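Engineer: If you want the building blocks of each chain, they are given just below.
Number of protein chains: 4
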Amino acid sequence: MAKNIAILGASGYTGAELVRLIDGHPEMRIVALSADRKAGQPMGAVFPHLRHLDLPVLQKIDAIDFSVVDLVFCGLPHATSQAVIKTLPDTVKVVDLSADFRLRDTASYAKWYGKEHDALDLQKTAVYGLTEFYRDDIANARLVAGTGCNAATGQFALRPLIEAGVIDLDSIIIDLKTGVSGAGRSLKENLLHAELSEGGHAYAVGGTHRHLGEFDQEFSAIAGRDVKVQFTPHLIPANRGILGTVYVQGDAQTIHKTFEAAYADEPFLEVLPFGEHPSTRHVRGSNFCHIGVVADRIPGRAVVIAALDNLTKGSSGQALQNANLMLGLGETTGLMAAPVFP
Amino acid sequence: MAKNIAILGASGYTGAELVRLIDGHPEMRIVALSADRKAGQPMGAVFPHLRHLDLPVLQKIDAIDFSVVDLVFCGLPHATSQAVIKTLPDTVKVVDLSADFRLRDTASYAKWYGKEHDALDLQKTAVYGLTEFYRDDIANARLVAGTGCNAATGQFALRPLIEAGVIDLDSIIIDLKTGVSGAGRSLKENLLHAELSEGGHAYAVGGTHRHLGEFDQEFSAIAGRDVKVQFTPHLIPANRGILGTVYVQGDAQTIHKTFEAAYADEPFLEVLPFGEHPSTRHVRGSNFCHIGVVADRIPGRAVVIAALDNLTKGSSGQALQNANLMLGLGETTGLMAAPVFP
Amino acid sequence: MAKNIAILGASGYTGAELVRLIDGHPEMRIVALSADRKAGQPMGAVFPHLRHLDLPVLQKIDAIDFSVVDLVFCGLPHATSQAVIKTLPDTVKVVDLSADFRLRDTASYAKWYGKEHDALDLQKTAVYGLTEFYRDDIANARLVAGTGCNAATGQFALRPLIEAGVIDLDSIIIDLKTGVSGAGRSLKENLLHAELSEGGHAYAVGGTHRHLGEFDQEFSAIAGRDVKVQFTPHLIPANRGILGTVYVQGDAQTIHKTFEAAYADEPFLEVLPFGEHPSTRHVRGSNFCHIGVVADRIPGRAVVIAALDNLTKGSSGQALQNANLMLGLGETTGLMAAPVFP
Amino acid sequence: MAKNIAILGASGYTGAELVRLIDGHPEMRIVALSADRKAGQPMGAVFPHLRHLDLPVLQKIDAIDFSVVDLVFCGLPHATSQAVIKTLPDTVKVVDLSADFRLRDTASYAKWYGKEHDALDLQKTAVYGLTEFYRDDIANARLVAGTGCNAATGQFALRPLIEAGVIDLDSIIIDLKTGVSGAGRSLKENLLHAELSEGGHAYAVGGTHRHLGEFDQEFSAIAGRDVKVQFTPHLIPANRGILGTVYVQGDAQTIHKTFEAAYADEPFLEVLPFGEHPSTRHVRGSNFCHIGVVADRIPGRAVVIAALDNLTKGSSGQALQNANLMLGLGETTGLMAAPVFP
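Protein chains in written order, with the working numbering: chain R, 22 to 363; chain A, 22 to 363; chain Z, 22 to 363; chain W, 22 to 363.
Keep in mind the hints are simulated off the structure, nothing from the lab.
Just so it is clear, the structure is predicted and the values come from calculations on it, not from any experiment.
A few of these clues could be false.
No copy labels: a pair is met if it fits in one copy or bridges any two.
Simulated pairs of lysine-lysine, DSSO-like, Cα-Cα distance not exceeding 27 Å [said to hold, decoys possible]: (1) Lys209 with Lys81; (2) Lys107 with Lys81; (3) Lys209 with Lys59; (4) Lys209 with Lys24; (5) Lys209 with Lys114; (6) Lys132 with Lys81; (7) Lys209 with Lys145.
Build out the structure end to end from the sequences listed, making use of the hints.
Structural biologist: Here is the structure:
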């Protein structure tokens with residue numbers, strides 16, 4: 022019997038992406054969609070590409086009957102998310118797509134998000150949602166915290182290397198190029214077409230991006246010591262896609278073998294042949310992540326490049342993958358659609 | 022039992038799109054892929070977005086064993102297509118994506134394509150592949166001729182109106198805006214990113230575009246008299262998508278009602294509420310076509326706007342829809358994936 | 022001696038474009054820049070591409086000493102513009118880039134802009150700013166009303182034809198494709214990169230675009246009778262550029278000759294050889310307008326296509342051209358820079 | 022009296038950019054344009070954005086009378102360039118835009134370009150064309166070798182720091198994002214709009230890009246020891262612009278002060294306030310280069326980001342700047358036009 026799904030914050034890009042993916046999922050049924058300011062509108066008015074679907078009308082959260090809901094995807098803004106989730110009945114499983122439950126350490130949360138956490142009890146029970154590395158915990162969790170899309174990209178390119186001890190931990194540099202949909206559907210001058218197209222720029226330069234909190238937490242936990250990476254994100258004129266160029270010190274062949282071993286059975290993580298490297302265009306609209314390793318001309322240096330779609334593998338696809346596990350469904354169900362190119 | 026499928030000319034965009042769509046089709050299995058110059062390469066080398074799929078290696082056409090093939094999609098260039106199709110065994114059904122069998126009249130073919138047809142017997146048996154209007158014939162055909170993508174767009178916006186006699190036949194103007202993938206993966210200066218991005222231009226101005234042959238044939242057949250439309254295509258900097266703005270003389274409300282009646286049961290043709298009009302972005306990657314009707318301020322004039330994805334509904338999706346009918350499968354099987362936005 | 026220039030509303034795209042153009046003008050000097058909400062900021066903070074210039078700090082309008090100003094470019098929003106301009110001293114010449122003084126008829130203004138005009142005396146003195154057709158009046162005017170950018174495109178493609186009586190007046194259709202900067206730097210969802218890139222759509226369909234007020238006024242005046250055109254603008258993913266595809270009934274060769282005669286001495290209006298047609302990419306960043314004429318396959322029909330840069334010839338470049346005339350300077354001064362391609 | 026200029030290889034993007042810039046130069050006159058395969062065509066047919074200019078028809082090189090030419094810009098492909106330049110009369114000054122004379126060491130040339138140099142005598146006399154650092158030599162040179170556009174970007178971001186000894190020399194990483202026009206107007210599949218738009222990818226990963234030859238030569242010469250940087254270029258969907266993100270170890274404030282001191286009198290090199298960083302969009306179409314310095318959260322690390330237009334400051338603008346010096350003209354003549362934004 023199909024599981025009943027509610028999506029909170031369905032008027033954003035991650036909400037729409039969830040609807041798109043779940044439409045192709047044979048064991049899930051959307052029973053409620055919320056959008057505060059757009060309550061009362063049909064989803065097809067807010068996102069005309071979904072107009073052919075038979076979907077519930079958007080409503081306010083407090084109008085939803087959660088007693089019939091098996092799992093909630095929560096795509097609300099940071100801070101709002103924690104306030105809402107703590108009011109949900111215990112019977113409902115939750116996949117949160119916000120940043121509210123990603124950081125286990127309360128001081129770290131306060132530092133990166135500029136406020137104290139309001140749902141500390143919940144925070145303790147949340148599982149970090151990088152599926153490939155927290156599979157068992159996720160399967161047993163009531164609350165899973167979706168990772169940052171940049172954080173996911175960097176971790177796919179680094180976790181097995183740190184785990185295996187094949188790279189230097191003090192010289193890691195992550196240079197990220199990201200499409201614009203990661204910034205959401207918000208009205209900001211720098212997200213206008215005329216401001217963003219036909220060029221590139223960095224943002225959050227110098228180690229100020231909040232996803233660093235996730236890198237610090239995860240990489241330090243794996244290494245068993247403090248690990249601090251250097252991380253510079255850039256915005257490029259594409260709607261979807263993150264390309265992470267990661268500079269590491271270590272033997273490139275060993276690094277490549279480490280990925281091949283670690284990801285051998287992963288359905289969504291594709292390790293390219295040694296020396297090849299990916300393009301974001303080849304994962305667009307899909308849950309796949311392509312990873313390449315190239316040796317640099319400087320001995321002992323390697324470049325790891327990872328590409329994924331920020332809205333799918335970096336956010337809503339990951340969320341669905343986690344929900345599948347939490348609901349006892351096949352992990353890849355509804356997620357195997359091939360990328361859309363060109 | 023799954024049907025065995027071969028795709029000829031698999032190294033082009035329509036070939037790749039067919040592979041993407043068939044990957045999500047539960048009753049088809051790809052048993053052969055051809056590409057002349059790239060024979061011997063794996064499909065994932067030619068199209069890295071398909072690298073995770075278990076596909077046959079690209080081969081030359083004469084190396085394919087057609088005795089095990091149920092249906093061939095032929096994505097070869099014009100003229101080559103007819104030469105190849107006439108050599109295929111009769112047991113194989115064929116969906117041709119080229120222009121070779123679209124025009125029933127041999128003189129018309131010669132006029133628009135600049136050469137005599139080399140497979141006149143076959144041409145007589147071919148069914149024009151605009152599914153919604155040739156459904157029964159397609160279901161019984163051995164050879165179906167996929168329509169031009171521009172021709173499909175214009176016909177979705179006009180056929181019911183001509184059929185119902187609700188518009189003037191001598192003042193139809195089709196102004197089309199098309200994405201670049203319709204021109205294929207060919208190396209032409211005007212398809213380079215630096216030449217094409219950040220602007221717009223018309224092409225084949227003045228009534229020289231070959232898809233006019235299809236408009237003339239189809240519209241005249243429906244009307245029972247000679248109908249000649251004015252048609253100007255434009256290239257815009259988008260990879261996928263055709264927006265057809267069609268200027269007609271007739272009552273807008275009547276026109277809208279005519280569409281609603283004609284397309285009421287069509288799974289892929291979405292008639293928008295009166296006064297609304299579509300965007301190509303909302304059909305991207307899907308087999309849907311959105312159609313809107315707006316009354317102009319000048320009494321007796323209306324604007325019909327249709328949007329579809331040239332690679333899907335305009336080409337490979339249409340081809341799969343036809344193949345489903347020809348093989349006795351459900352018409353929408355493998356084609357219901359929602360559009361990818363943004 | 023250089024003329025003293027003030028730009029009101031300098032924080033928008035047309036303001037920035039004026040600064041860029043005047044920087045290359047040997048006989049003008051910017052003495053004041055206004056921006057209400059951004060008063061106090063240097064122009065280089067609002068537009069970093071102008072950071073190397075020695076410009077006045079942005080200030081509020083009432084802080085400007087207009088007694089030393091020779092000419093004001095007014096880039097304020099509609100309605101605000103008329104309120105401000107009527108307070109300026111008579112000694113200051115004014116080029117208004119808003120829509121406030123384009124329509125001579127007060128009822129027409131009220132109809133298209135939804136309010137009564139607040140500066141009727143001024144409106145009577147304003148000259149319509151389509152330089153090539155109002156040159157003498159502009160040279161003698163105190164207040165010139167810059168035209169709409171779409172309105173300019175359509176008029177360049179039609180005025181000589183209506184004047185010469187070589188086309189049918191009741192079947193004119195203008196299908197326009199415009200870049201996004203024409204919509205300004207305003208925060209609207211449909212102007213976000215993720216909403217606008219990779220596709221096309223129409224807007225103001227059915228004859229609701231305000232620039233129709235200008236078409237009606239001008240074409241009717243030339244023809245000496247009521248002329249109503251059908252006009253559909255479309256947004257394409259480009260920052261600059263308008264491509265106007267104009268469908269007319271008349272003899273194409275005669276039409277082409279009419280343009281050649283009418284524009285023979287125009288420094289910015291380039292008539293292409295018969296049968297050729299333009300691209301917006303070839304006028305980008307410049308004050309040039311390219312115009313092509315093609316005969317349609319249907320006898321007696323022709324397609325006129327005009328391309329210009331909405332921010333330059335369509336707005337700020339036109340404004341500077343008019344200012345040159347008003348100040349007794351050479352009409353082309355500061356405006357001859359070649360387009361930027363690619 | 023105006024200097025007589027010839028441009029060889031005028032049918033490429035750098036050739037067209039030179040024509041655009043020289044059109045605004047009061048002391049240069051183009052007397053010859055060459056294009057081998059397009060000889061006989063007017064420049065306006067090859068580049069319609071230049072159609073309004075009165076330019077010589079394209080001709081073959083051997084048809085040019087070099088006795089009346091003061092300076093030649095040579096935009097021919099690598100290897101062809103050296104073959105042609107060695108046949109030019111000594112009376113003609115030459116600015117070469119190819120890679121043929123950039124590397125002083127013949128072994129280094131052979132290594133990076135895969136062949137022996139055919140004009141060794143000329144190579145010895147060539148001056149490296151990074152204007153700001155070879156000004157005097159350039160002023161006295163007969164042959165100046167234009168730098169690689171990536172090489173220019175990296176050097177603007179690093180030379181003063183290496184010179185001043187304020188960064189570690191063994192940990193420099195240059196991560197570059199470049200627009201597509203740098204690849205020229207060549208017909209390659211990966212430069213097609215459908216392949217390139219809407220995404221990002223790296224190329225020449227691992228230290229194989231030829232511009233590394235320039236980095237090695239220049240940085241080692243400044244440092245007085247062998248310096249090898251790690252360099253990864255990426256292609257982003259923009260026509261113009263290079264963004265170089267440079268990771269260095271050193272004190273960020275010191276680094277910023279070093280730039281401010283080194284570039285204080287440079288007309289085209291703009292050092293942004295400490296902590297700010299540039300966008301390629303703000304230098305588009307201009308000869309300016311914007312440079313920013315940000316301190317990383319990891320003590321002792323800094324990020325230097327430089328942005329320039331590859332066709333202007335990275336190529337044709339630099340060439341004109343050098344030509345001005347070689348001809349005794351003002352260095353900035355014809356180069357001060359402000360960037361075109363948006």
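Engineer: Report the numbers of all earlier hints that the structure fails to satisfy, in ascending order.
Structural biologist: The structure breaks hints 4, 5, 6 and 7; every other hint is satisfied.
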